[in-house]
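Peer 1: Single-letter residue listing:
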Amino acid sequence: MRYLPLTDTAREEIKKTIGIDGIEELFKSIPKDKSFFSLNAIPAALSEPELIADFKAMARKNQFGDYLSFLGAGACAHFIPEVVSYLSAKGEFLTPYTPYQPEISQGSLQAIFEYQTMMSMLTGLPVANASLYDGGTAAAEAVLLAVRKSGRARVLLAESLHPEYAAIIRTYAQNLPIELVTVTLDKKNGRIDSHDLQAKLNGQTAALVFQSPNFLGQVEDSALLASTVHSQQAYAVQVVTEAMSLGYLRPASDFAVDIVAGEAQSFGLSLGFGGPYLGFLTASEEFLRQFPGRIVGQTKDLDGKRGYVLTLSTREQHIKREKATSNICSNEAWCALRAGMYLATMGRDGLARAAADCHLHAAYFVRAAAKLTPIEVVYKRNFYNDVLLEIKKGTAAEFLAKLQKKGVLAGVSLAWFYPEVTRRVLLSFSEVHRREDIDRLLRLIGECA
Amino acid sequence: MNQLPPLIFELSREGKIGHGLGARNVPDEPALDPGQIRGGITDFPQVSEVEIVRHYMALARLNYSLDDGLYPLGSCTMKYNPKINEKLAAAEDFQAHPYAPHDLVQGNLELLVRMEEWLVALTGMAGFTLTPAAGAHGEFTGMLVIRKYLQSKGDPRHVVLIPDSAHGTNPSSAHFAGYDIREIPSNTEGIIDVDGLRPFLDKDVAALMMTNPNTLGIFEKNITAIAAALHDNGSLLYMDGANMNALLGIVRPGDLGVDVMHMNLHKTFSTPHGGGGPGSGPVGVAAQLLPFLPVPRAVKENGRYRVVYDSPQTIGRVKNFYGQFLVIIRALAYLCSLGRENVRRVAEDAVLNANYLRHKLQGVLDLPYATDTLHEVVFSDKNLPVKTLDIAKRLLDHGLHPFTIYFPLIVHGAMMIEPTETESKETLDEFIAVMEKIVREARENPELLLQAPQQTPVRRLDETLAARKPVLRWRKGEDL
Amino acid sequence: MALENLLFTKEHEWLRMDGDIAAVGITEYAQHELGDVVYVELPAPGKEVKKGDPAANIESVKAVSDVFSPLSGTVTEVNGKLGNNPELVNQEPYGDGFLFKMKFKQPDELKELLDQKKYEEYLQGIAGE
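Residue numbers (the numbering used here), protein chains in the order written: chain F, 1084 to 1532; chain U, 3 to 482; chain V, 161 to 289.
Just so you know, the hints here were simulated from the structure itself, not pulled from any lab data. Don't take each hint at face value.
What the hints assert, rightly or not - The calculated DSS-like cross-link candidates involving lysine-lysine, where the alpha carbons are at most 30 Å apart (straight line), are:
#	chain 1	residue 1	chain 2	residue 2
1	F	K1485	U	K427
2	V	K222	F	K1383
3	F	K1388	U	K471
4	V	K271	V	K222
5	U	K362	F	K1111
6	F	K1388	V	K222
7	V	K241	V	K210
8	F	K1403	V	K210
9	U	K384	U	K362
Claimed, not checked - In silico contact screen, one side only, chain U against chain F (beta carbon under 7 Å); selected entries:
#	residue
10	D69
11	G71
12	A102
13	H104
14	R470
15	P472
Just so we're clear, the structure is a prediction, and the values are computed from it rather than from any experiment. Quick reminder that beta carbons are idealized off the backbone N, C-alpha and C, glycines included.
For reference, chain F alone in the conformation it holds in the complex (with noise of 0.2 Å):
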């Protein structure tokens, strides 16, 4: 078999030098009655041809290609450059090990250090990661990190935050000491409730944790969060779903935030139905020596010349093992490259028009569904790229249904994390949208009746 390169041969050659008969010698210390057991329950081998055929079969009973799409709500189809595919899938990226032996891995570490400089570019806090497993660990992460920190054990949720990310964040917390506390969105204007903020608010808090742009596509005030936390020494901690937002809206360093924590799936990742994916996670000095995850620092090597190492390796599990500030150890290093090299070819400008793109194009969209009957947008400005639609005749389940008999997935159903929510449509724009694909959209949701 092509993967096995010993041959019989060889196999007999090395059972003479380590002096025995035959492989079973080499198993005896595993019990008699359960070793060698029979291998009928697995299939036979498939040949190179076959197993392409095999899964080609297996990719035909997908049918979502046939659609144009507005899926979004944490993952969002982007157009992903070519050179970007071509540079990633090189066997010299793709396959060595974890850079341990720095001397032979400065490609990986040089990359990963570009990487880490333009997450922090993008979100203006100085300290990045070389990745966390995706955006809801991350999430969970920057939680764990704040507590940490502040050695406070009270953690405020916003009810805003994607459903997926919060049940993250409890599962992680579940047992330890960290007290959950939810705090509620006002519906008027789909945004953290300040009063209730408030209210909850106090000196055994460690941090807020709020997603902006948030689940229903509203970007929170974060000055006014930020100042509010801060009055009781608490962390404001930024939550991103859709990492092309950073590329349009206001880095959170300018309004003092601390924390900023998400997933960066839309940097030149393929949606590969949900993974791999590449959680980020940045913040302000101070919370250097308590981060998870592996870091790549610069330095010098014995003949002067710069180099890379990862660094600050005693806040990790290989060192500190249960007092480390992670359990984490393989990342997503291959994706954190991935998006390296797609920030790069985008560029500055390239990154900035489709990030706009992203929006406007959603802002086309809304001032266009003014007009329309079916449906109304339920929040009108203040939206990134994700937008809410009230479905005003029967449920949003009914609305998709007639849609994707048109050949559009028209948007997630909140009913999809919210049973009780059956009315309700998150569409999302990406810079990929053409004008006649939204125009398509607005004539098909008009023809609802």
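Assemble the complex: chain F is given as a structure, and chains U and V must be docked to it using the hints.
Peer 2: Chains U and V alone, transformed into the frame defined by chain F:
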């Protein structure tokens, strides 16, 4: 003495363009206050596509990779990454949005279910969650499952026992699951035995986390007795499956009394390491623990596939969406390619190769444990005039990636060597010859090792400086 | 450096007494074992510690080491220089590389400490292992 390639920011010039976006086709009429919109991204790179390609090609040339040569890293299972798996994982028809209606992604859901079926067949566990993103994530998930299960029985308990040879993620993951750690020593054979375990077993113990084979490459042969002792005590057995490569098709952990285990798809199942990730760490459980698995989970029902989100006793969600789907595609393709005809040969050849290295190198390096080893072997730096680090750095001069160094902690100057089954005898012989040469150099001309590496793009890097004066991003106008 | 005026612990800490204030640091042996110190986490002034409590934390590139309080008392002062110059712990472990000062309240505890001679014997014992 060449410097390394410039940083992308140092290549940047005003006006250069790397993107191929077309003209905007809607009016520039935002629905946001101007105060919310940023003025631009200061110092963000502006580089042409041509220079982007050259920049990353230059970086690629600085990397050693598995496609270049051997990585004999113990406990990492650096086996060949099949190229057909890359093509399959990139197929357009798999790249669905995670919130696509489930009737439109039946193929993807089928893939997940097939992967779970494979894992069940190989391990004998009752079911798997495919959501954890890496081994450590799987350990954390597994420990949460254990805790919730014990809670349902009335007492989650407080302590998890972990051998002194364990990987650092074990105690760390148990800690985040809310447990205190008690370390148990390995015996003189390098394994755990029931007599050594008993003094630690009290009603406070929730579980023992065991790696099998352990980080010395030794099969924990007392595992069934240990499982029985744990179960008698109302405790559970967690198995870290990082070293599953030694057991594939040979024995099923479920048959040995394991209650919860994780697999590392990026180790045993050939998915690429990508310079540190992404991985995937599915978690398998015994039948009584199935209700506690995280959500969501893809299942087959009446010939169709659906996703279960509501599970009353679930520990909750540990990751966004369904898991590392594109990593799972590669792992499934790998398993389908091996089939029942070859899975067992993976373990056999892995163990054969490792024992060949052990046999050939034990005359050259100190072997701290006489016990039989499976797919990896650990040597120490005893009786060497240089440190393990120096040997590792000299290997770089020979164009080879070193073995794992200084782990496990219980061996002084540990050198953990795992060739995997995807290395030919010729490669192993070359590695042996190089090791023999280096040990000779250590005795005859140690300066060669102390000054190593000399043939790499950079030489030994100042990690003290990096930690004392952290520079974690580029800034315009700054230089070290 | 007049080591004969110092007291030592088996955890390789030293103390220099000045009335009821003790300056605390780690010994030459300890700094050598740790390697290049990159970061020192010091207790907050005013913190109450019991003998044997972890009081400070020293990080080298590859390891972290707890520093245990050799006496019970209150931290009065910490070495502000270590923030920017953690290498002082390596270069001048008994001088400018001290860690903190504390006011101790149980003089009986002093009896449990080693004098220079006993500490050196202890070190020789370790070397023999």
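Peer 1: Give a verdict on every hint.
Peer 2: Here's how the hints hold up against the structure:
1. K1485/F - K427/U: Violated: K1485/F and K427/U sit about 62 Å apart, past 30 Å.
2. K222/V - K1383/F: Satisfied, since the Cα-Cα distance of roughly 18 Å is no more than 30 Å.
3. K1388/F - K471/U: holds, 16 Å
4. K271/V - K222/V: violated, 35 Å
5. K362/U - K1111/F: holds, 21 Å
6. K1388/F - K222/V: Cα-Cα ~22 Å, so holds.
7. K241/V - K210/V: Holds, at about 25 Å.
8. K1403/F - K210/V: holds, 24 Å
9. K384/U - K362/U: Satisfied, since the Cα-Cα distance of roughly 17 Å is no more than 30 Å.
10. D69: Hint on D69/U: holds, closest Cβ of chain F at ~3 Å, below 7 Å.
11. G71: It is violated, given that the least Cβ distance between G71/U and chain F is near 10 Å, above 7 Å.
12. A102: holds, 4 Å
13. H104: violated, 10 Å
14. R470: violated, 10 Å
15. P472: Holds, because the Cβ-Cβ distance from P472/U to chain F comes to roughly 5 Å (cut-off 7 Å).
Hint compliance for this structure: hints 1, 4, 11, 13 and 14 are broken, all remaining hints hold.
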